[in-house]
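Next come the chains, spelled out residue by residue.
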Amino acid sequence: MTDLTAPRASRAPRALARLARYGAPLLVAVALLASSEGLRLATVNQLTSLLLLAVLAMSWNLVSGFGGQFSLGHSIFVGVGGYATAVILDLLGLPLVVVLVLSGVIAALIGVVLAYPMLRLRGPYFAIGTLGLALAVQGWMLNWDFTRASQGYSIPLDQSVDLLTVMRIAVVLALVAVIVSQLIVDLPLGLRLLALRDNEDGALALGVRRLRTLLPTWAISAFLVGVMGAVVALQNGQVTPQSAFSIQYTLDAVIICVIGGLGTLYGPLIGAVAVFVLRQFTADFAGWASLIEAIIVILIVRFAPDGAMGVLSGLSRLVRRALVRRRRLEASSSTESTREGVAA
Amino acid sequence: MTAFRRTVVASTIVLALGLTAGCSAAGGSADDPVVLGASLPLTGPLQAFGTSLEVGYQLAVDEINEAGGITVDGVARELALEIQDNASTPETASEQARDLVLESGAVALLGPATPPLSIPVSLAAEQLKVPAIMTITPIQAWKGANPEGWKYAFDAFFDEVQMTDTQFQAADLVETNKKVALFTDLEEDGIVMGGLWADKAESFGYEIVAHEEFPVGNTNFSAQVSEAKASGAEVVIAQVIPPDGIALLREMKAQGYQPEVLFLEKAGNTGGYPQLSDGLADGVLAANWYAEGMGLDREADFIADFAEQTGGVNSDLGTIAYGYSIARILIEAIESAGSLEADAIVAAIAATDGEYPAGSIAFADDHTAALPAVQTQWVGGDQVLVLNAGGDAASSIAVPVPGLQ
Amino acid sequence: MELVVQGILLGGLYATVALGLSLVFGVIKMVNLAHGEFLVLGGYVTSLLVVSLGGDPLLLAIPAALIVGALAYPLQRYLLTPLMRHSTEAPITATFGVSVVVQTVLLLVFTADPRTLNAPYAASQVEVLGVGMRTTLLIATVIGVALVIVLDLTLRRSRFGRQVRAAAFDPDAAGLVGIDLKHTYAMVLAVAAAVSAIGGALIALSFSVDPVAGTGWLLRAFTVVVIGGLGSARGTLAGGITVGLVETIAAAVFGAQYRDVAVFGALVVVLLLRPQGLFAKVQRA
Chain A
1 MTDLTAPRAS
11 RAPRALARLA
21 RYGAPLLVAV
31 ALLASSEGLR
41 LATVNQLTSL
51 LLLAVLAMSW
61 NLVSGFGGQF
71 SLGHSIFVGV
81 GGYATAVILD
91 LLGLPLVVVL
101 VLSGVIAALI
111 GVVLAYPMLR
121 LRGPYFAIGT
131 LGLALAVQGW
141 MLNWDFTRAS
151 QGYSIPLDQS
161 VDLLTVMRIA
171 VVLALVAVIV
181 SQLIVDLPLG
191 LRLLALRDNE
201 DGALALGVRR
211 LRTLLPTWAI
221 SAFLVGVMGA
231 VVALQNGQVT
241 PQSAFSIQYT
251 LDAVIICVIG
261 GLGTLYGPLI
271 GAVAVFVLRQ
281 FTADFAGWAS
291 LIEAIIVILI
301 VRFAPDGAMG
311 VLSGLSRLVR
321 RALVRRRRLE
331 ASSSTESTRE
341 GVAA
Chain B
1 MTAFRRTVVA
11 STIVLALGLT
21 AGCSAAGGSA
31 DDPVVLGASL
41 PLTGPLQAFG
51 TSLEVGYQLA
61 VDEINEAGGI
71 TVDGVARELA
81 LEIQDNASTP
91 ETASEQARDL
101 VLESGAVALL
111 GPATPPLSIP
121 VSLAAEQLKV
131 PAIMTITPIQ
141 AWKGANPEGW
151 KYAFDAFFDE
161 VQMTDTQFQA
171 ADLVETNKKV
181 ALFTDLEEDG
191 IVMGGLWADK
201 AESFGYEIVA
211 HEEFPVGNTN
221 FSAQVSEAKA
231 SGAEVVIAQV
241 IPPDGIALLR
251 EMKAQGYQPE
261 VLFLEKAGNT
271 GGYPQLSDGL
281 ADGVLAANWY
291 AEGMGLDREA
301 DFIADFAEQT
311 GGVNSDLGTI
321 AYGYSIARIL
331 IEAIESAGSL
341 EADAIVAAIA
351 ATDGEYPAGS
361 IAFADDHTAA
371 LPAVQTQWVG
381 GDQVLVLNAG
391 GDAASSIAVP
401 VPGLQ
Chain C
1 MELVVQGILL
11 GGLYATVALG
21 LSLVFGVIKM
31 VNLAHGEFLV
41 LGGYVTSLLV
51 VSLGGDPLLL
61 AIPAALIVGA
71 LAYPLQRYLL
81 TPLMRHSTEA
91 PITATFGVSV
101 VVQTVLLLVF
111 TADPRTLNAP
121 YAASQVEVLG
131 VGMRTTLLIA
141 TVIGVALVIV
151 LDLTLRRSRF
161 GRQVRAAAFD
171 PDAAGLVGID
181 LKHTYAMVLA
191 VAAAVSAIGG
201 ALIALSFSVD
211 PVAGTGWLLR
221 AFTVVVIGGL
231 GSARGTLAGG
241 ITVGLVETIA
251 AAVFGAQYRD
261 VAVFGALVVV
271 LLLRPQGLFA
281 KVQRA
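Protein chains in written order, with the working numbering: chain A, 1 to 344; chain B, 1 to 405; chain C, 1 to 285.
Be careful, since some hints might not be right.
When the alpha-carbon atoms are kept at most 25 angstroms apart in a straight line, the in silico SDA-like pairs for lysine to any residue are as follows [unchecked claim]:
| # | chain 1 | residue 1 | chain 2 | residue 2 |
| --- | --- | --- | --- | --- |
| 1 | B | K129 | A | R40 |
| 2 | B | K129 | A | P156 |
| 3 | B | K151 | A | D162 |
| 4 | B | K129 | A | G38 |
| 5 | B | K229 | C | Q125 |
| 6 | B | K129 | B | F363 |
| 7 | B | K229 | C | K29 |
| 8 | B | K229 | C | A252 |
| 9 | C | K29 | A | N199 |
| 10 | C | K29 | A | L121 |
| 11 | B | K229 | C | I8 |
| 12 | B | K151 | A | V87 |
| 13 | B | K129 | A | S36 |
| 14 | B | K229 | C | M1 |
| 15 | B | K179 | C | G255 |
| 16 | B | K129 | A | S35 |
| 17 | B | K151 | A | P156 |
| 18 | B | K129 | A | S160 |
| 19 | C | K29 | A | F303 |
| 20 | B | K129 | A | D158 |
| 21 | B | K143 | A | D145 |
| 22 | B | K143 | A | D90 |
| 23 | B | K200 | A | A149 |
| 24 | B | K179 | C | G132 |
| 25 | C | K29 | A | R120 |
| 26 | B | K143 | A | L92 |
| 27 | C | K29 | A | A304 |
| 28 | B | K143 | A | V161 |
| 29 | B | K129 | B | E78 |
| 30 | B | K229 | C | V246 |
| 31 | B | K143 | A | Q159 |
Just a few of them, taken from the derived set where beta-carbon distance is under 7 angstroms, the chain C residues facing chain B [as the list claims (entries may be wrong)]:
| # | residue |
| --- | --- |
| 32 | A112 |
| 33 | Q125 |
| 34 | G130 |
| 35 | R134 |
| 36 | Q257 |
What the simulated footprint calls covered on chain C by chain A, stretch by stretch (three residues with Cβ under 8 angstroms from a Cβ of chain A suffice, anywhere in the stretch; the number is not a length) [to be verified]:
| # | region |
| --- | --- |
| 37 | 50 to 57 |
| 38 | 70 to 84 |
| 39 | 87 to 97 |
| 40 | 216 to 226 |
Don't read these hints as lab results, they were simulated from the structure. Think of the CB as a built atom: it goes at the ideal place given N, C-alpha and C, for glycine as much as any other residue.
This is chain A alone, in the form it adopts within the complex (with noise of 0.2 angstroms):
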């Protein structure tokens, strides 16, 4: 979103807003963990879970928004990560900080191994493939013998983390999550994959490589995924291959990111908020949650394509437009008052 009408802008207030940008999400993360004490524990839990969402949309949404590769295997890294830490927790019993590093590379490094074979796929099939492939990976785990097959895994009540310290990660792993998308953005990278999505043929006739840009971004995307999934097995306690590896947390990206607007920075965060609050709201009869949030996606998708990002720039472009008429209005009467002054 380039602001052309607004020339006035010069380096210094945009050096500034840079800062912003950055400096911003680290104060609400420093106040939150500063005041996390004296959250109440509902609180705590709910911000969790809200900060867990907007984690797995700001993920997706590096993928599929600003790659423009619609992932629907992205239920993989969750379950991977959430299963890496119950076995690392369960068998070597690592500093927890270490074992949530490690949740994140061991999917990172899965999604390196995927994407190697699935970028080669274009479109539609790359949404196909994915897909299959996160049902063939359930359909494994729930066989798989090391794993508990489809008994799933527990933490060890010993190794269970208090919900304070899970929301404290949490909002750490938001922090990153909001930074790395910015720095993406800002980054040549960033660029790249942008005139990838646009404009293919262009792109790589303008020397951009296609595996290099899009392969770092998926393995960061599945990293931040992975320690997502290992932060709620511990909110949890328990991971199995039903929950862990639910196509739902695909398809809850998927919702957020195209309410929140798609392919925008701050889309993925306004969608995780406002999913969050209906869920709330229908926690009573969670049938209609899904029907309600259906049909947004689809009014979304019909009349706002770009989300809740695409209306607010859009009003804010109405207003400023409003405003500038305005300005011209007053100028232009002030001037044939002056006019008609001279005249008379």
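Keeping the supplied structure of chain A fixed, place chains B and C upon it in accordance with the hints.
What follows is chains B and C alone, placed relative to chain A:
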């Protein structure tokens, strides 16, 4: 809108949400009702369990409130039941269990039915240190999910080890060649019970001649059924979900496979299953936790009050009785603890020893109360008791399976 | 031998189930994530007709197909076609939304209990080449082959077929020579939905349908279409038979618990090796 302003908007939204969530109050004064929470599968594949449990829980709460509420710290207080719908998904059940305790101020939780939902809720109870009672959750699967032992959660239901005896005991009541074909799916209980049946067959004098395993959602049983038929098994024991059960029955009918007895566990505990399967499930056997003639507390009352609602005397009616029973146990425990202290309530639940509509319930040290499984046969809309809790004949079994003829 | 016959007949049902998906992808170039719900709706509508009117479910599947097709026409015309201009993801997302709406409404109205269609031939068996086979699967195969032939001839010979092929080959040029693309696309989705509804009735007749059964069938259909080649009716039949064979043989060799892994694994492998499908001669997509 500049990037700066966008950032401010986004961060404000996040902060505002955090604060509004933080400001909503949690009740705790002596005038407020005492809240019991339950995340139930009111929609989705486990809907029948959820709606039946809700009826049972509500009945117990209403009875106590009509009698003047419960006395906590010397003050009589009303009881309130806070119910949320988890749409049969484990993640939502886990989420809602925490929410019910933290946000709605529930002092204890009542369970959602089946291991995939009950285990996450039990884990949440342990995490938050609040008492919780599960039911309609076979106790070995529940125990296995937490090898260190449950401290705040309890479970009252049948034990798979005893339940997997009943099929052989019931098969003993009729004349068969003692050859068994097993059909088990890959859900957790399918694997556990499949293993138990395979291990036990010999000690009961039976031989497993075919063991078919398949993923949940299997539709095509042609190869498995023809294998089982070729093996000549006259006893079929299956552990399948309802739609897969119908596919299995249709394939058996199509291939003209008529075993003497057919146990359709899990699928067979669906209310009105013979109608859903166009009569194919008529005469199908299923282990059960409730039936007329078990001589349970208030049996006649429950049947008179709810048989119409559940479409007959079936597992759904039993689920109401079980839900009522564990809700009563929880309420009595709070009453006898005389406080809302979690540890006091847990101690009182552990000390439970009495007759309830679900049977006589006393919890062992591992927080489980094993209730006997019986065997029932579908006759019309009812599941008729054929094997009682002692493992003896209750009424004669119709052979071969009437629905497959 | 027995496995081969079983696999082929199962493949006939799969071809019927996948035909609509293939048509939509081939002509409109759109992935329809609501395809499974067309199938399930077909099963439910037929079941409602059987309950209210009485009669043979196979005959009543025809009006059910018309009803489901009539529901699909405005869906394409007023929702999906306008979205195709925006991006390729937009219609995918919209069909995903539609699929959730249909699932949830069915769940709220009919509960999660499975539904079946009953007929004297629903649970009976016939001998094919000396191998006993479910009558419904044989019927499904006959219907599947018939639908493939009819669809193939329609696409090749009729005026509508020429319009559809022109629209598939080059939408812009087709628009220029006066073909009403909006109407053509909507008709294609309607036909696809109607064919799927018949497939759904066959599923309910052979097995059962429930509100969330669509997802599983959608994935089967995807596999069939990917293996057979998108947009080719005859390829779909070949794909259906291949999947039927893979499934039956994998279950016999590795055990039925690995059936899903084998089928979705095959989907991924074929996508990687021959994205245009095993049976497509020219890459069109």
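* Asked: Would the pair K151/B and P156/A pass a check requiring their Cα atoms to be no farther apart than 25 angstroms?
  -> Status holds; Cα separation ~14 angstroms.
* **Straight-line alpha-carbon gap K179/B to G255/C, limit 25 angstroms** => holds (21 angstroms)
* To do: Would you check the hint for K143/B and D145/A, treating anything up to 25 angstroms between C-alpha atoms as holding?
  => Holds - the C-alpha atoms of D145/A and K143/B are around 19 angstroms apart, at most 25 angstroms.
* Keeping to a limit of 25 angstroms between CA atoms, is the pair of K229/B and Q125/C held or broken? -> Holds, because 14 angstroms separates the two Cα atoms, which is no more than 25 angstroms.
* Asked: Straight-line Cα separation of K129/B and G38/A no greater than 25 angstroms?
  -> Holds, because 20 angstroms separates the two Cα atoms, which is no more than 25 angstroms.
* Asked: Does G130/C meet its interface restraint, that is, does its C-beta lie within less than 7 angstroms of any C-beta in chain B?
  -> violated (13 angstroms)
* Does D162/A lie within 25 angstroms of K151/B when you go C-alpha to C-alpha? -> holds (16 angstroms)
* Would the pair K29/C and R120/A pass a check requiring their Cα atoms to be no farther apart than 25 angstroms? -> holds (19 angstroms)
* Asked: Can the restraint linking K129/B and S36/A be considered satisfied, given a maximum Cα separation of 25 angstroms?
  -> Roughly 20 angstroms between the alpha carbons, so the hint for K129/B and S36/A holds.
* Can the restraint linking K129/B and D158/A be considered satisfied, given a maximum Cα separation of 25 angstroms? -> Given that 25 angstroms is the threshold and the Cα spacing comes to 14 angstroms, the pair holds.
* Starting from K129/B, check that the Cα of R40/A is at most 25 angstroms away, please. => holds (16 angstroms)
* To do: Answer holds if the nearest beta-carbon of chain B is closer than 7 angstroms to that of Q125/C; otherwise answer violated.
  => OK, holds: Q125/C within 7 angstroms of chain B, min 5 angstroms.
Taken one by one, the earlier hints fail for this structure at numbers 7, 34, 37, listed in ascending order.
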